[in-house]
Amino acid sequence: MPLRPGPVYEEILRAASSVPRGRLTTFGEIARALGDYRAAKAVAEVISIMGRAYGVPWHRVVSSRGEILRGAEDPLREEGVAAQGGRVADLARRLVEAGELEARPILAEMRRAQRILAERVILEDEVERPELVAGADVAYRWERDEEGLPVEVARGAVVVVDADLRVVDGSIQTSPAVMPYVPTYLGFREFPALARALSRLSFDVVMMDGHGIAHPVFFGEASHVGVCLDVPALGVAKRRLVGKVRGEELIYMTRQVGWALPVRPEGRPVYVSPGHKVSLEGSARIFKKFRGGTRVPAPVRLAHKLAQFPKPGEGRPGETSSL
DNA sequence: GCGACAG
DNA sequence: ATCTTGTCGC
Ligand SMILES: [Mg+2]
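The first sequence begins at 68 in our numbering and counts up one residue at a time.
FYI, nobody ran anything at the bench for these hints, they're computed from the structure.
Each hint should be verified, as a subset may be incorrect.
Unchecked claim - With beta-carbon atoms standing in for the labels, derived distance ranges: (1) Glu176 x Glu146: 51 to 59 Å; (2) Pro87 x Glu186: 39 to 47 Å; (3) Gly147 x Arg313: 25 to 33 Å; (4) Glu191 x Asp231: 24 to 32 Å.
Heads up, the beta-carbon is just placed ideally off N, CA and C, and yes, glycines get one too.
The whole structure should be built from the sequences, with the hints applied where relevant.
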């Protein structure tokens with residue numbers, strides 16, 4: 068099995084490759100073998116898109132209810148596994164459990180790294196009155212490399228705005244995605260695409276499209292980027308990842324990890340949390356000052372727009388691109 | 001079938 | 001995140 072992509076993609080494909088002929092496993096079992104059941108959907112995506120091209124027995128990986136991937140019926144029947152109505156009947160008897168799969172618990176290792184790095188998070192304001200705020204976001208797209216193998220490409224964009232919300236600088240970086248999206252590991256997925264762009268720009272604080280400490284181990288994307296680049300950072304998310312809302316406070320594990328700030332009279336709130344070198348109060352202050360008139364704050368909204376892959380024929384010159 | 005877990 | 005057209009309203 069050729070191993071071109073990052074280690075998480077590799078481990079998923081390797082686990083699938085360890086399922087013998089005539090046996091089956093599930094997306095969830097592979098996810099558990101990697102160390103976190105949350106990765107089940109990512110496993111399904113990777114197996115269905117990359118499985119065939121990488122020569123792994125993709126047809127032997129099914130959902131927990133026995134539902135097979137499109138086109139898997141024929142190759143399964145060829146090895147004696149019957150599928151009726153898009154699902155196998157004897158999953159339990161043929162199942163290869165997580166413990167028997169060949170895979171390294173890479174997600175568990177990543178979780179340990181998050182816990183250690185989380186100790187370095189500082190929840191105090193480094194800059195009292197930020198004047199230049201960077202917004203960062205990443206867009207994704209599946210492509211095929213020169214050899215025709217499926218690869219997910221990340222396009223990270225950073226925009227810097229001043230107090231009047233005018234764009235004063237920006238940067239774009241395109242690179243292969245290092246891992247699929249798995250809830251609670253977003254920082255690992257997006258950091259590589261953003262690091263280079265962020266390090267060549269000047270700003271007081273970076274606003275991320277995601278959470279800061281409002282995370283299971285208090286290390287969301289904004290904390291990840293903030294700590295690893297040692298820059299002030301906060302997270303702004305459209306949806307909640309953890310915690311309960313009490314008034315405008317977002318509470319998790321008995322402590323406040325952020326805010327659920329109203330933007331429209333009856334509209335859904337925006338979740339704001341400190342990432343690094345920004346206080347709870349500071350995060351709300353920065354959000355309000357740099358939001359502009361839309362629900363998603365200007366820096367993040369502009370970065371989101373800049374990150375989008377240009378339509379064929381509208382490519383912009385001057386972009387920094389690298390492998 | 002429902003709830004749910006950022007992007 | 002991505003797949004995707006038009007439509008409604010400020
Ligand atoms: Mg995003």
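Structure-based check of each hint:
no.	hint	verdict
1	Glu176 x Glu146: 51 to 59 Å	violated (34 Å)
2	Pro87 x Glu186: 39 to 47 Å	holds (43 Å)
3	Gly147 x Arg313: 25 to 33 Å	violated (56 Å)
4	Glu191 x Asp231: 24 to 32 Å	holds (27 Å)
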